Amino acid sequence: MDKTFQPADIETRWYQQWESKGYFQPQGGEPAYSIMIPPPNVTGSLHMGHGFQEAIMDALIRYHRMRGYNTLWQPGTDHAGIATQMVVERQLEAQGLSRHDLGRDRFIEKVWEWKEQSGGQITQQLRRLGASPDWSRERFTMDEGLSKAVQEVFIRLYREGLIYRGKRLVNWDPALHTAVSDLEVLSEEEQGSLWHFRYPLSSGEGHLTVATTRPETMLGDTAVAVHPEDERYAHLVGQTIALPLTGREIPIIADDYVDREFGTGCVKITPAHDFNDYEMGKRHNLPVINILDDNAALNGEVPAPYRGLDRFDARKQVVADLEALGLVDKIEPHTLKVPRGDRSGVVIEPYLTDQWYVDAKTLAKPAIEAVENGDIQFVPKQWENTYYAWMRDIQDWCISRQLWWGHRIPAWYDGAGNIYVGENEAAVRADNKLGDDVSLQQDEDVLDTWFSSALWTFSTLGWPEETPELATFHPSSVLVTGFDIIFFWVARMIMMTLHFRKEVPFHTVYVHGLVRDAEGQKMSKSKGNVLDPIDLIDGIELESLVSKRTAGMMQPQLAAKIEKATRKQFPEGIAAYGTDALRFTYYSLASTGRDIRFDIGRIEGFRNFCNKIWNAARYVMMNCEGQDCDQNNSGEVELSLADRWIIGELQQTEAAVARAVEAYRFDHASQALYEFIWNQYCDWYLELSKPVLWDDNASEAAKRGTRRTLIRVLEAALRLLHPFMPFITEEVWQAVAPLAGKSGATIMLQPYPVSEGESVDSAANADIEWLKGVIVGLRNIRGEMNIPPGKALTALLRNGGESDKTRLEHNATALKKLARLDDIRFVADGEEAPVAATALVGDLEILVPMADLIDKDAELQRLAKEIEKLEKELSRIEGKLSNSAFIDKAPEAVVAKEREKQQAQQMALGKLREQEQRIAQM
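For the sequence shown, the positions run 1096 to 2017 when my numbering is used.
A few of these clues could be false.
Quick list of simulated restraints, FRET-style, between CB atoms [stated by the list, open to error]:
no.	residue 1	residue 2	range
1	Ile1580	Asp1454	46 to 56 Å
2	Pro1884	Arg1662	32 to 42 Å
3	Gly1123	Arg1487	39 to 49 Å
4	Gly1358	Glu1638	47 to 57 Å
5	Ala1189	Glu1638	35 to 45 Å
6	Glu1467	Ala1511	42 to 52 Å
In silico DSBU-like pairs for lysine-lysine, Cα to Cα no more than 35 Å straight-line [claimed, not checked]:
no.	residue 1	residue 2
7	Lys1643	Lys1597
8	Lys1597	Lys1476
9	Lys1460	Lys1659
10	Lys1116	Lys1098
11	Lys1597	Lys1460
12	Lys1597	Lys1707
No lab work stands behind these hints, which were simulated from the structure alone. This structure is a prediction, so every number in the text was calculated from the model and none was measured. Note that the Cβ used here is the ideal one computed from N, Cα and C, for glycine as well.
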């Protein structure tokens, strides 16, 4: 083994070998365990959320693979209709072309060319993360098999009356000219205005005042609504308004949706341009007047002066015209949530168009029952409530998109507007006995990408064919996903799978949290706090990091702010931490909470953990290589107290990890592994092995027992750790395994350690805890009294019982070596104890005589300087915290950090003063 652990030297090498040897493929046998990867967009790149999610899935897969399950992790990517079309359209724009210049067929060819050349970058990044899906089975939502499944589902649902075409409101992106899902709409607070308009009563006897944030929509108003119990307006219900600028009269209606406490209690109703108004319009049979075209410009339904105006230009004109008529009551600043397309960035409009819909209410009923009866379980369980809330109030699902890239809807229209659905035009003509004289035109729209991904668990396994893979791996075992797509993807998979397979798509839904920065802020480019998992693995220089974070920013001030913050946070760039350290950081944070705060300090700690494992392995190899480690199980060994103890600790750790993985508590699993490997094995057991291995008087059977324990516990710990840290465990295992009597091409196909509870030696545990307590007590005295580590001490014990004396007798040699002692003994009866520093282990008192160990005056001077330094720092912090301006203006996290510093300084100061007092009394 090399002197130092260099992750870059081993990670790519091992991954290429694993993949080329086919180790990720199912190994056959029973039982089966499968996970379907949430398909990332083919245009995407790995972000922290992906990294966290994939690390969780890979740990589950590697764990069950080693447990002997026939394991399949199904990979694939989503065709990402809008995002992919935008990428290719931008490439065409750079050449001075549009997709319309090419035509639909040639444009689709261009998209496929891009996909083959540049798509799928994220799958290479997943490899860098150590993900171990069966790449030989990789699927794409537009490949031939999945396209066949999508077409089959659409046709069957249409023929069953569960898919229909209708005119309804959708989220419309005026830049992309397509409907978009709620998930593709980002609503963030922006500063706007609230306009108060006077609508004259048709009777000429006064007016009603309404408030709106979108003045241009008043041209499509078809009613004014008030609350039915609002006494101010009860006498006006049934009368009409003379709608300004339009020459139309509209009714005053009563509806309990109206909040009479908001504004004037009067609400303008525009059914064609507001989702709530649309529902109210249906309740009151109001006309639905669409005043926009596909570009969000005003159309022929509005008076001539406004036709053709962009919606925002029309807004200005409407306000100006109403002001000229004296109908603007007031204009107030107003903070509102503005919906913008996540791809285009433009304001989304509620828009009335013809679209295709799925009857979601019918499909939802069995999907709700599947969770109610326990066929599907959510972890954490509270997410079931979110699922129920959405599903019990579900609306029909708009599945059509006005794009060219995607699964084209298999529907044709004749000149009379009749709809024919089938596999292709020839099948439609044959099924409907249509002659060549009937002209047919295929629907121009494509299906929403969520439609194809809703079939993911079974379409990837070969459906509609009844394949062996379907029979073996479906339903899948667990779905690992974020809470934000429970409705958009999880629920739709459940609905579709139950309908077409008559079984659930998965048994468990593990819902993980969102990865945020160390302060709990959402990671975003505009905040300059985005971390790239690949940068954390491979490292990145400061200038490259700055360039990456500020790339494409249109606001120079924001770019400068982010650059400054980046240079302050990472003055030397980001170090290369390696994949294993990043993955283990993810697991340490994977509690069942909603938010995950990623602190880069943690990954530094886990890089040190990797180094600790590496150095421990080198120590073991140096002491075991070429030696008799009882590889052949001769049984001629003598196990020391420490050997028996560490074997028991291993058993308990194996049980703890198994319980944690079963409960999806990866934070508990990682904590148990870290505690055992770092604290118990590396810090204590390796030290406890030295008195045996380095003692010329120790028997060969004792040395053989310690070497066997050293190597076997390390080998088992590597297998235990492998699902979480795949690379370092593979590299070290290859060196360690032969000495432990193990053979095999890879650790990933070795059996996972399983606890044998009867191996836990409680007596050995108690004795080692006593030994550790004495050593820690002696080390604390050294630290507190500033005694050099190499200085040999004399230690005295008193007030102990018979068990303490017995333990000292058995462990005196180990104590002398590990605590650097000349002598350790009990104070004799009647013997006067000298002036000493003390520590306690239960009732046992440890005394270290101070004569000749320290210069009392020099030590008091040193302590006085330390105390003065701490007092100054504490005074500075307390001054800051007593400053009301700081408390009021500083972020909550900054104030909390200062309070933590204050508490730490107070504790440190207290300890130094105690120490000063003790030395002064000597």
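Results of checking the hints against the structure:
Evaluation of the 46 to 56 Å hint for isoleucine 1580 and aspartate 1454 yields a failure: the beta carbon distance comes to about 21 Å. Under the hint 32 to 42 Å, the C-beta atoms of proline 1884 and arginine 1662, about 39 Å apart, fit the expected range. The given range of 39 to 49 Å is respected by glycine 1123 and arginine 1487, whose C-beta atoms sit roughly 42 Å from each other. A hinted range of 47 to 57 Å for the beta carbons of glycine 1358 and glutamate 1638 is consistent with their spacing of about 53 Å.
Between alanine 1189 and glutamate 1638 the beta carbon distance is about 27 Å. The supplied range of 35 to 45 Å is therefore violated. A hinted range of 42 to 52 Å for the beta carbons of glutamate 1467 and alanine 1511 is consistent with their spacing of about 46 Å. At most 35 Å may separate the alpha-carbon atoms for a hinted pair to count; lysine 1643 and lysine 1597 exceed this at roughly 48 Å. For the given pair, lysine 1597 sits about 24 Å from lysine 1476 by alpha-carbon distance, which is consistent with the 35 Å threshold.
Proximity of lysine 1460 to lysine 1659 is assessed by CA-CA distance (about 54 Å); at most 35 Å being required, the pair is judged violated. Between lysine 1116 and lysine 1098, the direct Cα distance comes to roughly 29 Å. Compliance with the 35 Å bound is thereby established for this hinted pair. For a cut-off of 35 Å, the pair hint linking lysine 1597 to lysine 1460 stands: about 13 Å separates their Cα positions. In summary, the hint linking lysine 1597 to lysine 1707 is not supported, as the alpha carbons are separated by about 51 Å, beyond the 35 Å threshold.
The structure is inconsistent with the numbered hints 1, 5, 7, 9, 12, although it conforms to all the rest.
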